[in-house]
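A.B. asks: Sequence:
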Amino acid sequence: MDKLNNKRADISPRATGHIPEQIELVEKLLAKSYAYEVGGSVYFDVRRFEGYGKLSGRRLEELQSSVRIEPNPDKRYPLDFALWKKANRSHILRWKSPWGEGFPGWHLECSAMSMRYLGETFDIHGGGLENVFPHHECEIAQSEAANEKPFVRYWMHNNMVTVGGQKMGKSLGNFVTLKQAFEKHSPMVVRFFILNSHYRSPLDYTEEGLEAAAHGLERLTITINAVNERLRYAKELPQEEVILDQIETYKRQFLDAMDDDFNTAEALAALFQFSKEVNLILGSGQEVSHKALEGMKNFYEELCKPILGIPRIVLGKLQLTGTGSLTTTGTVVHKNEKEEALIELLKDTRDRLRQKKQWELADEVRNKLDNLGIILEDKPEGTRWRRKL
RNA sequence: GGCGGCUUAGCCAAGUGGAAAGGCAACGGUUUGCAAAACCGUAAUUCCUGGGUUCGAAUCCCAGAGCCGCCUCCA
Numbered sequence: 232m233d234k235l236n237n238k239r240a241d242i243s244p245r246a247t248g249h250i251p252e253q254i255e256l257v258e259k260l261l262a263k264s265y266a267y268e269v270g271g272s273v274y275f276d277v278r279r280f281e282g283y284g285k286l287s288g289r290r291l292e293e294l295q296s297s298v299r300i301e302p303n304p305d306k307r308y309p310l311d312f313a314l315w316k317k318a319n320r321s322h323i324l325r326w327k328s329p330w331g332e333g334f335p336g337w338h339l340e341c342s343a344m345s346m347r348y349l350g351e352t353f354d355i356h357g358g359g360l361e362n363v364f365p366h367h368e369c370e371i372a373q374s375e376a377a378n379e380k381p382f383v384r385y386w387m388h389n390n391m392v393t394v395g396g397q398k399m400g401k402s403l404g405n406f407v408t409l410k411q412a413f414e415k416h417s418p419m420v421v422r423f424f425i426l427n428s429h430y431r432s433p434l435d436y437t438e439e440g441l442e443a444a445a446h447g448l449e450r451l452t453i454t455i456n457a458v459n460e461r462l463r464y465a466k467e468l469p470q471e472e473v474i475l476d477q478i479e480t481y482k483r484q485f486l487d488a489m490d491d492d493f494n495t496a497e498a499l500a501a502l503f504q505f506s507k508e509v510n511l512i513l514g515s516g517q518e519v520s521h522k523a524l525e526g527m528k529n530f531y532e533e534l535c536k537p538i539l540g541i542p543r544i545v546l547g548k549l550q551l552t553g554t555g556s557l558t559t560t561g562t563v564v565h566k567n568e569k570e571e572a573l574i575e576l577l578k579d580t581r582d583r584l585r586q587k588k589q590w591e592l593a594d595e596v597r598n599k600l601d602n603l604g605i606i607l608e609d610k611p612e613g614t615r616w617r618r619k620l
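232 is the number of the first residue of the first sequence in the numbering used here; add one for each residue after it.
Treat the hints loosely; a few may be bogus.
Keeping only pairs whose Cα atoms sit at most 20 Å apart, straight-line, the calculated EDC-like set for lysine to aspartate or glutamate is [what the hints assert, rightly or not]:
#, residue 1, residue 2
1, 263, 241
2, 588, 608
3, 610, 518
4, 619, 575
5, 317, 268
6, 536, 490
7, 401, 435
8, 507, 460
9, 482, 525
10, 528, 442
11, 528, 472
12, 317, 252
13, 578, 595
14, 522, 533
Note that these hints are calculated values from the structure, not bench results.
Modelling step: build the complete structure from the supplied sequences, incorporating the hints.
C.D. replies: Printed below as a string of structure tokens:
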């Protein structure tokens, strides 16, 4: 999670640590007659809760007709769900309760813990699309019946990750762990890959997709690094209002896309389009003012890291002054000073071969470095090197 | 069987009533010693199919096809 640059939750509560809260919630529902007890188990009476099915767009009659399993004889209605279940003798999970030894129903913990830490109504409830019914539907029923207040203001259901069109799942055995993914691709590539499509669309995990994402991110990264490099020797110049206007336009485009239900794919498009403009300006051969470059740098710094969670990746040698100051604005893919010195050495040696026009040997060095993931670029102002993403 | 979702270029992917974003790949060009990077240019007569509504449909409606999810355990 940290490698993906995901923020950690402030609290990660455990269901087993909140049994009293869950019992309390069951008692509240019993007191309001939204629940009934049968032989040590407590069930939620879905017919008493009017809004049951409002999230998943289902109606009780429709649901009932499709019940495939044998109805539990304890339930008054087949769709009633358990709030508390009596533990049979072999059951490992068991706590004392007013109804005997048992364990909480499957949906109860979310309601009880969210009430404790987030209040009776909270803003955003996330989760996978596959949990809309019955899990989230039941959470709503329990919580709203107990509190008589809206449970959640916004539901964000992300679609599933698939492999070959099939849901990625432990039980199907077709899952790829992040650890495995990171063996081939940097975490930021994985993140960029995910950001390339909308969260509500299914995401098919393919090697080609990751590869394409890596190339795209690399392209952006090259541009961002170029801006930062140019900034170091840029001078203040008059004019250049046009660029500053464009920065605002693309920023607006980006933010509007994000405001529209986190349309990251469209936001990324703004980033690419802006980068094309930047490359055009940088490659025009004209001097670019410090102010304009500063604006470009800020564009990336304001949007990439704080919003997309993708910090600046330094592909080449660390050339910043001071030590360690980079981590606040960027991430270093590798920091290996000895390796960098060796690359520099090879680069300088190759430069001398090129001066003597010994192209064959110079090209061989470049090709072999390329195989190792080091790219040499011969520029008019000298040879640059960078790492492949 | 019931309910819901998806189907847009070789691949990925936005767009949900007014001229089809963006990325990757490919090809041609500028540049380069050659490359790379960058830029310019090229790709959907069919936006799954068939009807319909509309001045106008990828977008709305109806029917159909294919794929997927949920309706059971686990959370």
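A.B. asks: Output the indices of the hints that this structure fails to meet, ascending.
C.D. replies: Hints 1, 10 are the ones this structure does not satisfy, whereas the remaining hints hold.
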